[in-house]
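**Student:** Sequence:
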Amino acid sequence: MRYLFFLFIMFSFVSCKQKMTNKEITSGVDVTTKSDELEIIDVHSHFQKDRDYFIEFMKNRKMKTILVDVAKHNATDSTKVERSWNEYVALAEKHPDLFWLCSSLMGLGIDEPDFAQREINRLKREIAQGARMVKVWKNFGMVTKDNSGKYIQIDDPRLQPIWDFLKEQKIPVMAHIAEPIQAWRPLNPDSPHYGYYSDHPEYHAYNFPKIPSYETIITARDNWISKNPDLQILCAHIGSMSHDVDMVAERLENYPNIKVELAARFGDLATQDSKKVRAFMEKYQDRILFGTDFGNNSDQLDLNAEELKKEKEDLAADYDLLHTFLSTSDSVSIRGQFNVGLSLPKEVLDKIYVVNAKKLLELK
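Residue numbers (my numbering): 74 to 437.
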């Protein structure tokens, strides 16, 4: 039991973050389509450390991004929380024209009588520092337990005072609840997640039957949404339903208060018929936001000039490929999934890239 608990602490520590070169993306094509005619807001990134090239890189692309904090269990002490909030704040203060902030919440200490008020007080401070959203993530349902040993689901009534506070403040919640469904299934070589779960079996929920099922966690997530119709919710990673756009469409129809963002799930979209995905994107063009999950966690001084140059080139290629998939009908390979791009019209791209984010977060 201790071994399993340790694995899930490690799972919560690293699984959400992406390296600067996101392993979701591999391309066998020469990416020539650029996004320099479109403004871009990447609503989901994890750039913890500054780079000398950030200003030029982002201004050339007319791009800004939201730095998303992730609260997680300490790797060695499960009673403590680790965050990168202070690093994100420092970066946003240094480059206020490039970065916005998203705070975070987890359920550790939920049994304590002052839990909700303590978290509300912290969120008040972080909203004052510039937080535009608050992220909850897959530790709800998969990792964090209360004193009774029960996994804490996102619809736990002990969290309700926090949702009420965020409604009052008009602060949306970015909800990364559950993993892709493949985490609960046997390894499939045709899955866009096959490489990840092959290399990291400790993060493959199929190996740990005591974790609640995918269906249980998604049901709790849907119940939370339905109980909070006045709370604006941005479902991260296409709502952990990226394997089936019909499943996403059903939720968008049922819950007017939700939107979805695309970060780190382009490979899942590429497994589906491109015409069907395009129709989905066009129908729900007012409720889809662009995100990547790209980020870094190493100091620039730890990289030599050649490594820094390659990092910048890889990041540019990654953004270019996602734009190629969204804006052209070119052949692409994303996480081993070969398909053609969606060729979305400019008016749809404008909404996905920037208009919807500005409306949701009241950005200028």
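Please note that a few of the clues may not be correct.
Unchecked claim - Below, a list of computed lysine-lysine pairs in the BS3-like style, where the Cα atoms sit at most 25 Å apart:
no.	residue 1	residue 2
1	Lys300	Lys223
2	Lys153	Lys122
3	Lys132	Lys122
4	Lys167	Lys349
5	Lys167	Lys419
6	Lys218	Lys153
Stated by the list, open to error - Cβ pair distances, simulated, as ranges:
no.	residue 1	residue 2	range
7	Asp187	Glu355	43 to 49 Å
8	Asn280	Asn133	29 to 35 Å
9	Asp372	Asp319	43 to 49 Å
10	Lys135	Glu435	34 to 40 Å
11	Pro282	Lys243	38 to 44 Å
12	Asp237	Leu436	21 to 27 Å
13	Lys431	Glu326	38 to 44 Å
14	Lys431	Tyr328	30 to 36 Å
15	Leu381	Glu288	43 to 49 Å
No lab work stands behind these hints: they were computed from the structure.
Don't be surprised by glycine CBs; every beta carbon is placed ideally from N, CA and C.
**Student:** Compare the structure with each hint and give your call.
**Tutor:** Evaluated hints:
Between the alpha carbons of lysine 300 and lysine 223 the distance comes to roughly 21 Å, so the proposed pair stays at or under 25 Å and holds. Taken as a hint, the lysine 153 and lysine 122 pair is honoured in the structure, with Cα atoms around 23 Å apart against an allowance of 25 Å. Of the pairs offered as hints, the one joining lysine 132 and lysine 122 holds, with about 18 Å between alpha carbons and a cut-off of 25 Å not exceeded. The straight-line distance between the Cα atoms of lysine 167 and lysine 349 is roughly 42 Å, outside the 25 Å bound, and the hint therefore fails.
Simply put, lysine 167 and lysine 419 have alpha-carbon atoms about 32 Å apart, too far for the 25 Å limit, and the pair is violated. As the CA atoms of lysine 218 and lysine 153 are separated by approximately 13 Å, the hinted pair is consistent with the 25 Å bound. For the hinted restraint 43 to 49 Å between aspartate 187 and glutamate 355, the CB-CB distance of approximately 48 Å keeps it satisfied. Between asparagine 280 and asparagine 133, the C-beta spacing of about 44 Å breaks the proposed range 29 to 35 Å.
At about 44 Å, the CB distance of aspartate 372 to aspartate 319 agrees with the hint of 43 to 49 Å. Checked against the hint of 34 to 40 Å, the pair lysine 135 and glutamate 435 fails, with Cβ atoms roughly 20 Å apart. The hinted window of 38 to 44 Å between proline 282 and lysine 243 holds, with their beta carbons roughly 41 Å apart. Here the CB-CB span from aspartate 237 to leucine 436 is close to 24 Å, well matched to the stated 21 to 27 Å.
Separation of lysine 431 from glutamate 326 is about 24 Å and departs from the stated range, judged on CB atoms against 38 to 44 Å. About 21 Å separates the C-beta atoms of lysine 431 and tyrosine 328, a value inconsistent with the hinted range of 30 to 36 Å. Taking 43 to 49 Å as the suggested C-beta distance range, the pair leucine 381 and glutamate 288 conforms, at roughly 45 Å.
The earlier numbered hints that this structure contradicts are 4, 5, 8, 10, 13 and 14.
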